[in-house]
Amino acid sequence: MTTLDILFGAVGLITAASAVLAVTTQHLVHAALWLVVTLGTLAGCYLILGAELVALVQLLVYVGAVVVLVLFALMLTRAPMGRSPEHSSSAVQRAAAAVIGAGTTALFASVLLPALGGELRATRVADTKGIATQLFGSWVWPFELLSLLLLVALIAALAVSRMPSMPKTSAEGESA
Amino acid sequence: MIHLWLPLTLVCVLAGAGAYGVMARRNAVLVLIGVELILNSANLLFVTMGSVLDDKLRTGQVLTLFLITIAAAEMGVALAVILALFRDRGHIDLSEPGS
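For the protein sequence lines, the chains are A and B, in the order given.
Counting along the first sequence from 1, when you hit position 107 you're at 107 in the working numbering, and nothing is skipped either side.
Counting along the second sequence from 1, when you hit position 97 you're at 1097 in the working numbering, and nothing is skipped either side.
Check the hints yourself; a few may be wrong.
To be verified - With a Cα cut of at most 25 Å, we get these calculated SDA-like pairs of lysine to any residue:
1) A:129 / A:140
2) A:129 / B:1001
3) A:129 / B:1056
4) B:1056 / A:4
5) B:1056 / A:142
6) B:1056 / A:123
7) B:1056 / A:132
8) B:1056 / B:1066
9) B:1056 / A:121
10) A:129 / A:60
11) A:129 / B:1066
12) B:1056 / A:146
13) B:1056 / A:139
14) B:1056 / A:143
15) A:129 / B:1057
16) A:129 / B:1054
17) B:1056 / B:1070
18) B:1056 / A:57
19) A:129 / B:1070
20) B:1056 / A:56
21) A:129 / B:1067
22) B:1056 / A:116
23) B:1056 / A:136
Hints are computed from structural coordinates only; laboratory data are not their basis.
Everything numeric in this text was worked out from a predicted model, so none of it was measured.
Sequences are here, hints too, so could you generate the full structure?
Take a look at the structure:
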């Protein structure tokens, strides 16, 4: 066991536990708050792996913006504050979902772990300069395309949320 | 130096938890939380591989930054759709048919 192993084990354990709690808790707001813990500790994992720029962007964008959006959506849809079991499906469907979730984990583990799991590798030292050079050199066109995507998403979100509620009887083909 | 099975196991657990969340939840916002977990497991795989492989283009970390941006855009549009759904139906329970 190396130092990085122990560090990653400790932070990764919190990440995994809070991810499981985020999808199983009965409190709506607690699910969003466990998501904060998951994403925050995941930023810690990135830091341990030597990706400090990604860790900071994760903190800024995910913990700062996406989770706030989720909380706003919960508030705007009048989420109940206490325990509310009606947010999960029936017991049968939950059992099926648990089987499929465990199957997904087992499938990924059976592919990834035998291929790469046994190796002891050195992590790259954090070099933000190298990433910046590549980001604004080789990757500059995808980067610009992403800014266009953000603009389109912004306008689309505005248009969708301002869309007038459709009358129930009118033909939807004309309005679309 | 790090043993690769640790981050890879975390990738598998996050993907499994996300898949469970997408299928076991009825509230649309909670389904989105599951989708976010799956996206983050992909991110962690990118970062892990980018940090141990010697790649001049820094593909792992740059693609993670792109994926975070795409996730933010997706989240904005998805929440706008959920709000429109709530205004139309009065609830966001995905297991009930639309009115």
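Next item on the list: Could you work out which earlier hints the structure fails to respect and list their numbers in ascending sequence?
Entry: Violated hints: none at all, because every hint is consistent with the structure.
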